[in-house]
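Colleague: Residue numbers (numbering that gives the first Met the number 0), protein chains in the order written: chain A, 0 to 222; chain B, 0 to 198.
By construction, these hints were calculated from the structure, which means they are not laboratory data. Quick caveat: nothing in here was measured; it's all calculated off a predicted structure. Please note: incorrect hints may appear among the correct ones.
Here are the simulated SDA-like cross-link-like pairs (lysine to any residue), alpha carbons at most 25 Å apart as the crow flies [stated by the list, open to error]: (1) B/LYS191 x A/MET119; (2) A/LYS47 x A/VAL154; (3) B/LYS188 x A/THR32; (4) B/LYS191 x A/ASP60; (5) B/LYS188 x A/ILE198; (6) B/LYS188 x A/ALA113.
Okay, the calculated beta carbon distance ranges per label pair [stated by the list, open to error]: (7) B/SER39 x A/TYR3: 24 to 34 Å; (8) B/ASN26 x A/GLU204: 40 to 50 Å; (9) A/SER121 x B/GLN110: 53 to 63 Å; (10) A/TYR3 x B/VAL30: 28 to 38 Å; (11) A/LEU51 x B/ARG113: 47 to 57 Å; (12) A/LEU51 x B/GLN110: 22 to 32 Å; (13) A/ILE81 x B/ASP65: 57 to 67 Å; (14) B/ASN26 x A/THR128: 32 to 42 Å; (15) B/VAL62 x A/LEU51: 39 to 49 Å; (16) A/SER121 x B/ILE98: 25 to 35 Å; (17) B/GLY18 x A/TYR3: 53 to 63 Å; (18) B/THR92 x A/ASP60: 38 to 48 Å; (19) A/VAL61 x B/LYS188: 33 to 43 Å.
Glycine is no exception: its CB is placed at the ideal position from the N, C-alpha and C atoms.
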Amino acid sequence: MKLYDWLTVWLNIDRVMLGFGVTILFFSVATVTAFTGGCVFVYLMDGKQNILKRSLRSALDVLRTLPFLIVLYLLYYGLPQIGIRMTSWTAGMIALSVYHASYYAEILRGARVALPQGQMESAKAHGFTPFQMYYRILLPQMVLRSGPLFGNLLVGCLKDTAFLSIITIYELTAAANALQAVYFIPMPAFIIVIFLYWIISLILERLLRLMGRYSKHRGLSYE
Amino acid sequence: MTVWISGLSITLGVIAGFGVAVLRNANIPIVTQILTLYISVIRATPMITLVLFLFVMTPYLQVEIDRWIIAVAAMTINTTAFNAEIWRSALVTFSVEQIEAAKAAGMTRAQMLRRIMLPQMGITSLPGLVNEMTLLVKSSPAIAMVGIADLTRATNRITAITYKPLPPILAAAVLYLLIIGTMVWLQRKADKYAQRLAM
């Protein structure tokens, strides 16, 4: 490892940063859509069980047992066979969102089960519609209570973005690989990239701690 | 291949994770800090990045290592960090009374660790360990990147021959479903077992 190698990385820092930006973009968009999707799924599964709700639940269960890469392959390489063609960006975004939505749905469902039944009854007695009740009363509690679990999920989502490099998306890992392929400087390139991943996850950890403090402040969770 | 490599790194990872956890808790200066840093960094690093890193590092360092070993090493490094955290949480919450009683009975540290703490910690951290195993299997397709014929790689090869990508991908999906479904089922059993023996 020579100083010159590090200089090469520094001279090409724009390419690393481009990959970093793409990773952040995928990560943030997928987190928002997956979170929203998870909330919607839980709302759809709420209430009396019927065939549709049960099949949605088993579909989400199946999704959670698959590796992310398989889902990605299915969308990007599998679907063109039946005539659905997507760009790598669309496929990556959809795969990441839907896959993680299933995890969010599972966590929120766990929190939903733990909520006291009396709240729902009193909300109904006050004339809330099911959607109002879910949106204003149940959802905020479910979200704030499952804070620590979201932490693992967010880091998992960040790590899954690295798989996107396989379907030719130029994100952080692909950037490191391209850089080392051109200049043959594997050590500095990958160390910088791993460092960047680490920084993101440290920031996430900090944000979740803030959220935990907020939920304690509102009296929704305890030590 | 997937099962074989995952199984090997799981075994190594569980043992190494225990070692790391004990070392980290032993409060040796520098060693503890290094291990903390290792756990923190590796937990944030995607498996693909790690595999690629090790794979391109070997020619750079002028050593020739089989790609099998690289794959197993990457997965072990990854899972060790997670397992260490699981073991450590069991270690930290271990009851002080029992440790004091063991010391009073004249046990050495190694004896205490092996006879008193390990059996109990094994039971309490079993659900967490199995959970980590399923996560490892889910990230194992990353090793296909360096050209090992795991389940995902096999899918690609069949596709390249038949030009029909859908059937092999679905078949691979079903196989992963079976592997991980079995593990989840085992986890539920482990959970029940741990609860029954919980102290």
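Colleague: Each hint: holds or not?
Modeller: Hints versus structure:
1. B/LYS191 x A/MET119: violated (31 Å)
2. A/LYS47 x A/VAL154: With Cα atoms ~34 Å apart, A/LYS47 and A/VAL154 exceed 25 Å; violated.
3. B/LYS188 x A/THR32: This hinted pair is violated, its Cα atoms lying about 34 Å apart.
4. B/LYS191 x A/ASP60: Holds, at about 21 Å.
5. B/LYS188 x A/ILE198: violated (37 Å)
6. B/LYS188 x A/ALA113: holds (22 Å)
7. B/SER39 x A/TYR3: 24 to 34 Å: holds (29 Å)
8. B/ASN26 x A/GLU204: 40 to 50 Å: violated (23 Å)
9. A/SER121 x B/GLN110: 53 to 63 Å: holds (58 Å)
10. A/TYR3 x B/VAL30: 28 to 38 Å: This hint holds: roughly 33 Å between Cβ atoms.
11. A/LEU51 x B/ARG113: 47 to 57 Å: holds (54 Å)
12. A/LEU51 x B/GLN110: 22 to 32 Å: violated (59 Å)
13. A/ILE81 x B/ASP65: 57 to 67 Å: violated (39 Å)
14. B/ASN26 x A/THR128: 32 to 42 Å: Violated - the Cβ-Cβ distance for B/ASN26 and A/THR128, about 57 Å, lies outside 32 to 42 Å.
15. B/VAL62 x A/LEU51: 39 to 49 Å: violated (57 Å)
16. A/SER121 x B/ILE98: 25 to 35 Å: violated (49 Å)
17. B/GLY18 x A/TYR3: 53 to 63 Å: Given about 38 Å between the Cβ atoms, the range is violated.
18. B/THR92 x A/ASP60: 38 to 48 Å: At roughly 31 Å between Cβ atoms, A/ASP60 and B/THR92 fall outside 38 to 48 Å, so the hint is violated.
19. A/VAL61 x B/LYS188: 33 to 43 Å: This hint is violated: roughly 21 Å between Cβ atoms.
In terms of the numbered hints stated before, the structure departs from hints 1, 2, 3, 5, 8, 12, 13, 14, 15, 16, 17, 18 and 19, listed from lowest to highest.
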